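Student: Going line by line, the protein sequences match chains A and L. Here the first sequence is numbered in numbering that gives the first Met the number 0, starting from 0 and rising by one per residue. Here the second sequence is numbered in numbering that gives the first Met the number 0, starting from 0 and rising by one per residue.
These aren't lab readings, by the way, just hints derived from the structure by calculation. Please read all numbers here as calculations on a predicted model, not as lab measurements. Take the hints with a grain of salt, since some may be wrong.
Stated by the list, open to error - Per the computed footprint, the stretches of chain L lying under chain A, defined by three or more beta-carbons under 8 Å from a beta-carbon of chain A, are:
1. 146 to 154
2. 170 to 181
3. 260 to 272
4. 402 to 411
5. 432 to 444
Unchecked claim - Straight-line C-alpha distance at most 30 Å; calculated BS3-like pairs for lysine-lysine:
6. LYS363/L x LYS139/A
7. LYS143/A x LYS200/L
8. LYS284/L x LYS139/A
9. LYS195/L x LYS143/A
10. LYS195/L x LYS284/L
11. LYS284/L x LYS27/L
12. LYS46/A x LYS363/L
13. LYS27/L x LYS139/A
14. LYS299/L x LYS363/L
15. LYS46/A x LYS184/A
16. LYS284/L x LYS299/L
To be verified - Simulated restraints, written as ranges between beta carbons of each label pair:
17. GLU16/L x ALA79/A: 34 to 40 Å
18. HIS142/A x GLY136/L: 49 to 55 Å
19. LYS103/A x THR410/L: 35 to 41 Å
20. ASN290/L x PHE106/A: 54 to 60 Å
21. SER107/A x LYS35/L: 55 to 61 Å
22. ALA75/A x PHE319/L: 45 to 51 Å
23. ALA75/A x LEU400/L: 32 to 38 Å
24. ALA79/A x PRO233/L: 14 to 20 Å
Quick reminder that beta carbons are idealized off the backbone N, C-alpha and C, glycines included.
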Amino acid sequence: MSSSTESQQMDELKNKNEVIHGLLAEFENPAALLAAAEKVREAGYRKFDCHSPFPIHGMDQAMGLRRSPLGYIVFAVAAAALTAGVTLEWWTSTVAYPLVISGKPFFSYQAYGPVAFAIMVLCSAFTAVLGMLALNRLPKFFHKLFHSRNLERAMDDGFFISVDSTDPNFDLQQTGNFLNSIGAKNIEVIQAE
Amino acid sequence: MTTNTETLELQKEILIEGNPSFADVTEKVSTITEAKTPRLWYVAIAISSSLMVMMFVLIAYLVWEGIGIWGVSIPVGWGWAIVNFVFWVGIGHAGTLISAILFLFRQRWRTSINRFAEAMTLFAVICALIFPGIHVGRIWVAYWMAPLPNQMLMWPNFRSPLLWDIFAVGTYFTVSVLFWYTGLIPDLAALRDRAKNRLRKIVLGLFSLGWYGGNRQWQHYEIAYLLLAGLSTPLVLSVHSVVSTDFATSVLPGWHTTIFPPYFVAGAIFSGFAMVSTLAIIVRKIYGLENYITINHLEKMNKIMMVTGMMVGYAYGYEFFIAWYSGNLYERFAFMNRAFGPYAWAYWTMISCNVIIPQLFWFKKIRRSIPLMFTIAIFINIGMWFERFVIVVSTLSRDFLPSSWAYYSPTIFDIGTFVGSFGLFFTLFLIFLRFVPIIAISEVKGVLPQADAHHEQQH
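Working from the sequences, and respecting the hints, build out all of it.
Tutor: So, in structure tokens, the structure goes:
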């Protein structure tokens, strides 16, 4: 028992020294990428990503991704911001600084709409952008995928699948063969130079 | 089954001409920022930045000397400054309409024009914000308008439309910046990956935030984009509605009317599209983007101008009807005075530019003729400035008390500041043209026929 775990640890150490971060396979076009993504998921890989210069319709389902939670986050912030906005208006004009203006009641909720709405939209927009960045772990100075040379074309005209070496199913040889078998035309080992 | 074939038919519309590949799109748009700066650019920015500097000098003098250097006096307390504010903020609306509303309506042709229309929005709103900012007189206490705790224990009056305006326009500007920048992230990453020298790599690397185009990123990105479009849509409609309440909630004849919010929004979109069209025609010519911003795009914009122009024309007519139908003598006088009083020249300039001239767009030949549409767009730009002038000045110069009636005219400082604001606008726009991808690269790729994953099966 002890010998087998030792050898495993040895293997892991060896891997770490080589620092192979994963494999990057190129595909012909959006359709090929979409089909390949489905096959990679069906083969049991979970830590993989599909890279394309623009979002491809249907890719989330092909990769088996759950819907982004961003909408719920923004909704919660929007509700809180709207409440905060109305509260601010109520407190300043009835408690902190009550003033009679054109004989209107202190709590003139009819007039509070525009400002409360603006506060809600402002907070929601910040949440949408910052939330998107946080869910994507951005901003980031470096990512292990930036070791790749081919990936520089991902925002130009390249369609890639990257399989992370930390995926339990990852094996350099087998995964490489598998990617070849589903139509990858160009496979790169991602490692630090 | 029928609906299915109809969808396929719709998708076949060619949005980008010349059948470019994905790499062609990157190449075409990126080289604009990478190539040597054209000499024309230096000439243009020299002119525009001189005007901008002139405006800042005039503003400095205004702060030193006071609002009296302008032509405003009681009862015309709002002169060119407010006219210019409404003019510029209105122009901004087309950018948001293109980026948000047309996105929600799945108008895929918007991808060619949305980047620089959004940029135009930002710069127009910057110009707009300057005018009320300097009009307050003591601009060093302008922060009193913000709800900040202070030593006087005072708070802003949230029942005032002028305060709504600060929140609405301030939010509008901030959200437009966020929307614009979010759209830019993938394109900046595309530029980063092509960058040859180290400085470009570092700067673009910082601004693209580490984007690498994985679908795990696109997944959240697309939702964020959709949310921003969903938030911007009611926002843009509310902004000019709120601007109109600055007028409509007052009790002055000619202003005190419920038609103002929709009428102002239609006018804003009308003037904004005229400005987008003006800029698009110049930009596509100079940078050879005829395949990206095609004659079809321009024709669609002309159609929007025609529709919104008629909405504005309807509002002009309806105001007269209500003035008569209300039986209110002051209201009747305000409108007779508008059309036949001392500012009749401005009123009929407005009617000619905004209502009569855009009717030429009924003819397909004119809708598809670059010189004619350019001329018409310029007329609309002028006409929409006059609309705000007519609304502001004709009502104020003849108020309830005939003894205070007078003819308002601007001073050299009013004119200089307005001309200077164009300098600021074009300076910012030229900087944008030089350093930022002016066409949304990733979005344009997304509307190419080969971007559709089912593209091959259709053939």
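Student: Between the segment 402 to 411 of chain L and chain A, are there enough contacts, at least three residues with CB-CB distance under 8 Å, for the coverage claim to hold?
Tutor: violated (count 0)
Student: Do the alpha carbons of LYS195/L and LYS284/L lie within 30 Å of each other, as the hint requires?
Tutor: holds (27 Å)
Student: Taking the beta carbons of LYS103/A and THR410/L, is their distance inside 35 to 41 Å?
Tutor: holds (38 Å)
Student: Given the hint that LYS46/A pairs with LYS184/A, test it: the Cα-Cα distance must not exceed 30 Å.
Tutor: Satisfied, since the Cα-Cα distance of roughly 21 Å is no more than 30 Å.
Student: With 14 to 20 Å as the target window, see if ALA79/A and PRO233/L comply at their CB atoms.
Tutor: holds (18 Å)
Student: Run the distance test for LYS363/L versus LYS139/A: straight-line Cα separation, threshold 30 Å.
Tutor: At roughly 51 Å apart (the allowed maximum being 30 Å), LYS139/A and LYS363/L break the hint.
Student: Go check the segment 432 to 444 of chain L versus chain A for me, would you? Three or more residues, Cβ under 8 Å, otherwise it fails.
Tutor: It holds, with 4 qualifying residues against the three required.
Student: For the segment 146 to 154 of chain L, count the residues whose Cβ lies under 8 Å from any Cβ of chain A; is that count three or more?
Tutor: As far as the segment 146 to 154 of chain L goes, the hint holds, because 4 residues have Cβ atoms under 8 Å from chain A.
Student: May I ask you to test the hint 34 to 40 Å on the CB atoms belonging to GLU16/L and ALA79/A?
Tutor: 47 Å Cβ-Cβ, so the 34 to 40 Å window is violated.
Student: Between ASN290/L and PHE106/A, does the C-beta distance stay in 54 to 60 Å?
Tutor: At 58 Å between Cβs, range holds.
Student: Is LYS299/L close enough to LYS363/L, meaning Cα to Cα at most 30 Å?
Tutor: holds (11 Å)
Student: Below or equal to 30 Å on CA atoms is what counts here, so check LYS195/L against LYS143/A.
Tutor: holds (21 Å)
The structure shown violates the earlier hints numbered 3, 4, 6, 8, 12, 17 and 23.
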